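Numbering of the sequence shown is given in the numbering used here, commencing with residue 1 and proceeding in unit increments.
Calculated directly from the structure, the hints in this document are not laboratory data.
Just so it is clear, the structure is predicted and the values come from calculations on it, not from any experiment.
Glycine included, every Cβ here is placed at the ideal spot set by N, Cα and C.
Incorrect hints may appear among the rest.
Computed list of lysine to aspartate or glutamate pairs in EDC-like fashion (alpha-carbon distance at most 20 Å, straight line) [to be verified]: (1) K368 - E394; (2) K550 - D396; (3) K337 - D417; (4) K536 - E370; (5) K401 - E499; (6) K118 - E394; (7) K536 - E505; (8) K345 - D396; (9) K401 - E431; (10) K118 - D208; (11) K345 - E558; (12) K365 - E296; (13) K534 - E394; (14) K345 - E209; (15) K536 - E558; (16) K137 - E343.
Simulated DEER-style distance windows between Cβ atoms [claimed, not checked]: (17) K559 - M463: 43 to 49 Å; (18) F429 - V150: 31 to 37 Å; (19) N356 - L207: 33 to 39 Å; (20) I427 - E517: 19 to 25 Å; (21) I267 - I20: 49 to 55 Å; (22) E223 - V77: 56 to 62 Å; (23) P22 - I275: 30 to 36 Å; (24) K516 - N346: 37 to 43 Å; (25) T580 - Y340: 31 to 37 Å; (26) I427 - T198: 24 to 30 Å; (27) F268 - T99: 25 to 31 Å; (28) L446 - T580: 46 to 52 Å; (29) L207 - I329: 54 to 60 Å.
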Amino acid sequence: MPKKDKKKNIAVLKRLFPYILPHKRRLILALISMSIVSILTGTLAYIVKPLINDIFITKSYADLVLIPILIVFIFLVKSIFYYAEFYYIGSVGQNIIRTLRDEVYSAIMKFPISRLNKLPTGVLIARITYDINIIQKTVSDSVSAVMKDVLTILVLVAVILYMDFYLAITVFVLLPIVIIPVSKLGKKARETSADTQTEMGSITKFLDETISNVRTVKAYNMEESEIGKFKKISNNLYKFFMRMTKIRGLTVPLVELIGGTSVAAIIFVGGLQVIKFGYTPGDFFSFLTAILLLYEPVKSLSRLNNSIQEGIAAGTRIFSILDEKSENIAGTAKIPKVIYSLEIKNLFFSYAKDGNYDLENINMKINKCEIVAIVGYSGAGKTTVAALLPRFYEPDSGEIKFNGINIKDFNLKDLRDSVSYVFQDVILFNESIRFNIEYGSHNKSLNDVINAAKSAFAHNFIMSLHNGYDTIVDEAGLRLSGGEKQRILIARAFLKNSEILVLDEATSSLDGESEKEIQNALFGTNENQHGLCKDKIVIIIAHRLSTIKKADRIYVIEKGKVIESGSHEDLISRGGTYKTLLAKQAV
Numbered sequence: 001m002p003k004k005d006k007k008k009n010i011a012v013l014k015r016l017f018p019y020i021l022p023h024k025r026r027l028i029l030a031l032i033s034m035s036i037v038s039i040l041t042g043t044l045a046y047i048v049k050p051l052i053n054d055i056f057i058t059k060s061y062a063d064l065v066l067i068p069i070l071i072v073f074i075f076l077v078k079s080i081f082y083y084a085e086f087y088y089i090g091s092v093g094q095n096i097i098r099t100l101r102d103e104v105y106s107a108i109m110k111f112p113i114s115r116l117n118k119l120p121t122g123v124l125i126a127r128i129t130y131d132i133n134i135i136q137k138t139v140s141d142s143v144s145a146v147m148k149d150v151l152t153i154l155v156l157v158a159v160i161l162y163m164d165f166y167l168a169i170t171v172f173v174l175l176p177i178v179i180i181p182v183s184k185l186g187k188k189a190r191e192t193s194a195d196t197q198t199e200m201g202s203i204t205k206f207l208d209e210t211i212s213n214v215r216t217v218k219a220y221n222m223e224e225s226e227i228g229k230f231k232k233i234s235n236n237l238y239k240f241f242m243r244m245t246k247i248r249g250l251t252v253p254l255v256e257l258i259g260g261t262s263v264a265a266i267i268f269v270g271g272l273q274v275i276k277f278g279y280t281p282g283d284f285f286s287f288l289t290a291i292l293l294l295y296e297p298v299k300s301l302s303r304l305n306n307s308i309q310e311g312i313a314a315g316t317r318i319f320s321i322l323d324e325k326s327e328n329i330a331g332t333a334k335i336p337k338v339i340y341s342l343e344i345k346n347l348f349f350s351y352a353k354d355g356n357y358d359l360e361n362i363n364m365k366i367n368k369c370e371i372v373a374i375v376g377y378s379g380a381g382k383t384t385v386a387a388l389l390p391r392f393y394e395p396d397s398g399e400i401k402f403n404g405i406n407i408k409d410f411n412l413k414d415l416r417d418s419v420s421y422v423f424q425d426v427i428l429f430n431e432s433i434r435f436n437i438e439y440g441s442h443n444k445s446l447n448d449v450i451n452a453a454k455s456a457f458a459h460n461f462i463m464s465l466h467n468g469y470d471t472i473v474d475e476a477g478l479r480l481s482g483g484e485k486q487r488i489l490i491a492r493a494f495l496k497n498s499e500i501l502v503l504d505e506a507t508s509s510l511d512g513e514s515e516k517e518i519q520n521a522l523f524g525t526n527e528n529q530h531g532l533c534k535d536k537i538v539i540i541i542a543h544r545l546s547t548i549k550k551a552d553r554i555y556v557i558e559k560g561k562v563i564e565s566g567s568h569e570d571l572i573s574r575g576g577t578y579k580t581l582l583a584k585q586a587v
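Kindly produce the complete structure, drawing on both the sequences and the hints.
Below, the structure is given as structure tokens:
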């Protein structure tokens, strides 16, 4: 293995140690248990000598009673401490996996949106599940092998050396023959494990996409096509698993073949000693028993290399996530309790950062109590403008200011608390309706939730459900219609009641009557002017231009640039792009 790879492997293993150290008390208890198990294993080998010599050769009745009782006692105590060892090591492993899983999920949640967009969901899920489980297995196997197997080997080696020093030397000469082929198999195991984990991420991503979009698949009769794709990915994963199976399968029989050959050599040499040099049968079989007992921990250590290599591959991927930069939430400026103005000044932004701008020289100013609409064809950059307000992305140049202060100076959490969103993509959590409305709001009572739902014209349909506000929304909100889900999101915005309100296609899933009711809720009526938009800075992004007639100012975006701005009447009188958009919708 190249020095560079060795350094990387050692670095990964070093990073795992801090996760083990907090559990040193349990490790000490496990070590004590393992020590007792190892000593008793060596004792079992040693009592074979009196078993053979005193019972089967001298035929002592006293030893015939005593030795079996002693053997039962040894196995009983050994079983108790083996359970303790297994429990404490398992506890350490599970605590490590819990800590790692929590840290990885926390790291993912703190990724910038720009980074999350580049990482397939399935790959991230595979890191939290498959990779972390491999690390847990590696840690448990490693700690157990290093502590228990090494201790057992040391005890048995001491017994062997005590019984017959020269025969023991013959055994140790044979041990390096095992190490060389096993280490080579370990390298292949690490490479194959990395490929397997990559393919596992692909299959998880595919499952996430197809199962969550199963209605689309069925609607277009694409079941067989998706099944074919899955079989192809599944077959690739099968090949990698079979490659790993072959490596694991080769390791054990290789060790057993070498071990069997070693045992045969020992029997031959030991037999010569019994026949020619007066070595007693008890001495020989006691020695042979120790060798056979030594075989299992040596075999376990040989398997450990494969496990460590798999763990290193998984750890490399896990730590690559933990090493990713989190969003910069720091800021010294205090967010204003009342936001009087929002200004976007000379703003340029590109997703790809390749010099081709998605937004170019955007300038807007919105004052408190004003409603501004952003319209344009699909892909023009409307939603991108809104995504920059809570700093989901950072502009390449230019500024966004609240009350004249650059939003980069605010704490990110405070900044996002000041903006209420109703997103175009209507997604609800698989929780109660109350939970979904309260999401992002703090210290709100049920009465507050009900009032918000009433304002969003959602109360009546919620109460018609079996458990009302405690009704659990099925995964992806499949129980509710698109319009009902959208009303819940609008109720959430009512409840949060932030200074800035962004409505991104907020009424796109509503029928005409429902849209009218929601518009009344948002903008108020002639009789009641207290809509959600009152006393706020409001940005409306819309394709359906019927929703923006009450806007104080309308910005028309085309290919990332503002090409027109003005009131509804002004833009119609100019006869430009806005009037064309309006005319197309009227057809």
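We went through each hint and held it up to the structure:
1. K368 - E394: Violated, at roughly 24 Å.
2. K550 - D396: violated, 32 Å
3. K337 - D417: Holds - the C-alpha atoms of D417 and K337 are around 11 Å apart, at most 20 Å.
4. K536 - E370: holds, 7 Å
5. K401 - E499: holds, 14 Å
6. K118 - E394: holds, 16 Å
7. K536 - E505: holds, 18 Å
8. K345 - D396: Satisfied, since the Cα-Cα distance of roughly 12 Å is no more than 20 Å.
9. K401 - E431: Status violated; Cα separation ~36 Å.
10. K118 - D208: Holds, at about 16 Å.
11. K345 - E558: Holds - the C-alpha atoms of E558 and K345 are around 18 Å apart, at most 20 Å.
12. K365 - E296: Distance ~76 Å between K365 and E296 Cα, so the pair is violated.
13. K534 - E394: violated, 29 Å
14. K345 - E209: violated, 39 Å
15. K536 - E558: Violated. K536 to E558 sits at ~27 Å, over the 20 Å cutoff.
16. K137 - E343: Roughly 54 Å between the alpha carbons, so the hint for K137 and E343 is violated.
17. K559 - M463: 43 to 49 Å: Roughly 47 Å apart at Cβ, these two residues keep to the hinted range, so it holds.
18. F429 - V150: 31 to 37 Å: Violated - the Cβ-Cβ distance for F429 and V150, about 49 Å, lies outside 31 to 37 Å.
19. N356 - L207: 33 to 39 Å: For L207 against N356, whose Cβ atoms are near 34 Å apart, the range 33 to 39 Å holds.
20. I427 - E517: 19 to 25 Å: At 23 Å between Cβs, range holds.
21. I267 - I20: 49 to 55 Å: violated, 41 Å
22. E223 - V77: 56 to 62 Å: About 60 Å separates the Cβ atoms of E223 and V77, which means 56 to 62 Å holds.
23. P22 - I275: 30 to 36 Å: violated, 58 Å
24. K516 - N346: 37 to 43 Å: Cβ of K516 to Cβ of N346: about 39 Å, so the range 37 to 43 Å holds.
25. T580 - Y340: 31 to 37 Å: holds, 35 Å
26. I427 - T198: 24 to 30 Å: With Cβ atoms ~28 Å apart, the hint holds.
27. F268 - T99: 25 to 31 Å: Since the Cβ atoms of F268 and T99 sit about 52 Å apart, the hinted range of 25 to 31 Å is violated.
28. L446 - T580: 46 to 52 Å: Distance hint for L446, T580 holds at roughly 48 Å.
29. L207 - I329: 54 to 60 Å: violated, 33 Å
The structure fails to meet hints 1, 2, 9, 12, 13, 14, 15, 16, 18, 21, 23, 27, 29 from the earlier list, while all remaining hints are met.
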